[in-house]
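Participant: Now for the letters of each chain:
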Amino acid sequence: MEIVLVGLNHRTAPVEVRERVSYTAEQASRAASELRSRGILEETLVLSTCNRSEVYGVPPESSHESAAGLSSFLSEFHKVQPDILSVSLYHHYDRQAVRHLFRVSAGLDSMMLGEAEILGQVREAYKFAYEQGATGPVLNRMFQAALEVGKRVRSETELGTRPMSVASAGVKLAERIFGKLGQRTALVLGAGTISEQVMLQLRDRGIGQLLLMNRSRERAETLATEFHGTVVPWGEWRDALQSPDVIVSSVAAEEPILERATLEQAMAARGNRALFIMDLGLPRNIEPAAAEIYNVYLYNLDDLGGIVQQSRAMRENEIPRAETIVDEHVGKFLSWQASVELVGLVDELRARLQHERTAFVHERMETMKHLSAHDRQQMETLMGELLEKLLLEPAERLRGEKELRRKIQNVEALRDLFLSNREKQ
Amino acid sequence: MLLGLGLVTHYFALLERSRGLHTVPYHDLYGSMSLFGWLLALTYLALEFYHQQRSVGAFAVPFILAFFITAHLAPADRLSPTVAHGVVFALHVTLSILAYAAFALSFVLSVIYLAEERLLRSRKLSNVVWRLPSLELLERMSHSSVLVGVISIAIGTVLGFIWVDRLTGQYWFYDPKYVITLVVLFLYLLYFQLARSTAWRGARASKLCVFNFFVVVMSFTVVNLYLSHSHRYF
Chain A
1 MEIVLVGLNH
11 RTAPVEVRER
21 VSYTAEQASR
31 AASELRSRGI
41 LEETLVLSTC
51 NRSEVYGVPP
61 ESSHESAAGL
71 SSFLSEFHKV
81 QPDILSVSLY
91 HHYDRQAVRH
101 LFRVSAGLDS
111 MMLGEAEILG
121 QVREAYKFAY
131 EQGATGPVLN
141 RMFQAALEVG
151 KRVRSETELG
161 TRPMSVASAG
171 VKLAERIFGK
181 LGQRTALVLG
191 AGTISEQVML
201 QLRDRGIGQL
211 LLMNRSRERA
221 ETLATEFHGT
231 VVPWGEWRDA
241 LQSPDVIVSS
251 VAAEEPILER
261 ATLEQAMAAR
271 GNRALFIMDL
281 GLPRNIEPAA
291 AEIYNVYLYN
301 LDDLGGIVQQ
311 SRAMRENEIP
321 RAETIVDEHV
331 GKFLSWQASV
341 ELVGLVDELR
351 ARLQHERTAF
361 VHERMETMKH
371 LSAHDRQQME
381 TLMGELLEKL
391 LLEPAERLRG
401 EKELRRKIQN
411 VEALRDLFLS
421 NREKQ
Chain B
426 MLLGLGLVTH
436 YFALLERSRG
446 LHTVPYHDLY
456 GSMSLFGWLL
466 ALTYLALEFY
476 HQQRSVGAFA
486 VPFILAFFIT
496 AHLAPADRLS
506 PTVAHGVVFA
516 LHVTLSILAY
526 AAFALSFVLS
536 VIYLAEERLL
546 RSRKLSNVVW
556 RLPSLELLER
566 MSHSSVLVGV
576 ISIAIGTVLG
586 FIWVDRLTGQ
596 YWFYDPKYVI
606 TLVVLFLYLL
616 YFQLARSTAW
626 RGARASKLCV
636 FNFFVVVMSF
646 TVVNLYLSHS
656 HRYF
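If you read the protein sequences in the order shown, they are chains A and B. Under my numbering, the first residue of the first sequence is numbered 1, with each subsequent residue one higher. Under my numbering, the first residue of the second sequence is numbered 426, with each subsequent residue one higher.
Chain A on its own, in the form it takes in the complex (with noise of 0.2 angstroms):
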């Protein structure tokens, strides 16, 4: 056993398991230092987001319980009880371990299918356990794999890509119109969940300035405090239509709030600059006849619902490009753990031969009284010539030939056969 998880995630375990089950940076690092005095693991790190709180680890090379006693450090380390804890913990070692990670953060694990959070997430739990000096060999290689994963399925696959809600749908196609969305403003009508949600979409992606309207101006300031936006006035829209490139309506209104006619004064006011509106109430906040005035982009709740259908479907469709992205690392990150583990092997041996030798040789040599030093210099390095010729082939080989290293799938037994020390005990 070489690599261990332990952990829980939204699948696993419902809310009320998962909150008490998260680290905070500070529990984490804790976490980790624990494990490894403890001597559970050599190598940890903590990956807790709001769906998942994972272990990775690194078990030193006596345990084959680092699993079991892992378990009982996170009941312990959370104050939950054993029993609650196991319904919800799964344990994955070496090749699924790694094909676990690679999958969590190529976004394939997650609520929502190919969210791009994930990654920056994984980066920060690993930057954060490399720092605290947690990490090793081993599980530096593995994490650096894993962004290297993440980074692919999004380049190459449409997994992430495609916006799986009404708000990011929206934000998103603002984007394919303004390009980054830095230099631009956006003007949002109406403070309720929706309202909300857009903001958080829009602030995500770094819009320069938030607008906001309401017909309560106390419940839009606090908004307006919330995601540092500036609240003007309901109703002016000679002034308000001036300087948005956004704008996101959900209010509760029976009738529209803006027609077509002031949309048109707006637009020739602006120079036609170009305006995407969100119309997310219903019934409808704009005037859908608003679509046909030049350079106005009219999005209704039923063309941005039509968006997210369509990207969830092409996001499935993608699952099988990013598995396959995922395969690929896990093979590699397996091979080159195992020529790690073999070129390791050979040095052991050599090293050990080398000792048996000088023991071998001084011992027999004992009863040869007629050999003259230089003699017995001579034979001693004539031993270690023909060792060393021995040995040389398969270690070049085992460096050189990639093949050959994944043919041997099993170090552990060479290990055991060629370095125990059954015998002598």
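Among the hints, a few may not be true.
[What the hints assert, rightly or not] The calculated DSS-like cross-link candidates involving lysine-lysine, where the alpha carbons are at most 25 angstroms apart (straight line), are:
1. A:389 with A:151
2. A:172 with B:549
3. A:389 with A:402
4. B:602 with A:180
FYI, nobody ran anything at the bench for these hints, they're computed from the structure.
The hints should help you fit chain B onto chain A, whose structure is shown.
Facilitator: Structure of chain B alone, referenced to chain A:
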């Protein structure tokens, strides 16, 4: 990268050809198309570098390649010495062709713009929309491209007059090419102005840009082949 490498090698091929002629390759279709293709790729790379954006490449590069291929299919005259020599003349030819290359690029960008705009306005989004560069970027790149074109065609034309003056002692002799060049220059200046700040910005300006390029193509074909006697292939 690959395009950059291609540019360098193509540059040497051009150099070879102009050594043989002692001037820039202009007098046969192969030469001028080849120079055209080279400058087209150069302009594109410059724009890409300037705007720090590579997403347009997938759409623009095939177009550039098409030009290279056409150039290779075009008949190459044997290299015969010509009357036209000199730095001024060489610059005149190069700048004019650079201008046409830049206009061609802005044409491609505008066509992509119009297609994407249509898709976005129809609200029927196909998968391709998510791969296209943003409208704003296409517009900006098309702008810079036209700016390059306008500046180089202006300088190129002035140099042409200077050269004619040196050769014949008179500034002006009537050639339909002059008229069409002035028309082209005017149309592109109009586009530049309209697309920047007026009610025409967006799709209308892009349509004008597409139309302008048809005028350029006219200048390349009808005027060159049938009307002008001093501008055969550019």
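Participant: Hint by hint, say whether it matches the structure.
Facilitator: Hint by hint, here is what the structure shows:
1. Between residue 389 of chain A and residue 151 of chain A the CA atoms are separated by roughly 45 angstroms; this puts the pair beyond 25 angstroms, and the hint is violated.
2. With a C-alpha separation of about 15 angstroms, the suggested pairing of residue 172 of chain A with residue 549 of chain B holds against the 25 angstroms cut-off.
3. At most 25 angstroms may separate the alpha-carbon atoms for a hinted pair to count; residue 389 of chain A and residue 402 of chain A meet this at roughly 22 angstroms.
4. Taken as a hint, the residue 602 of chain B and residue 180 of chain A pair is broken in the structure, with Cα atoms around 42 angstroms apart against an allowance of 25 angstroms.
Of the numbered hints given earlier, the model fails hints 1, 4; all others are met.
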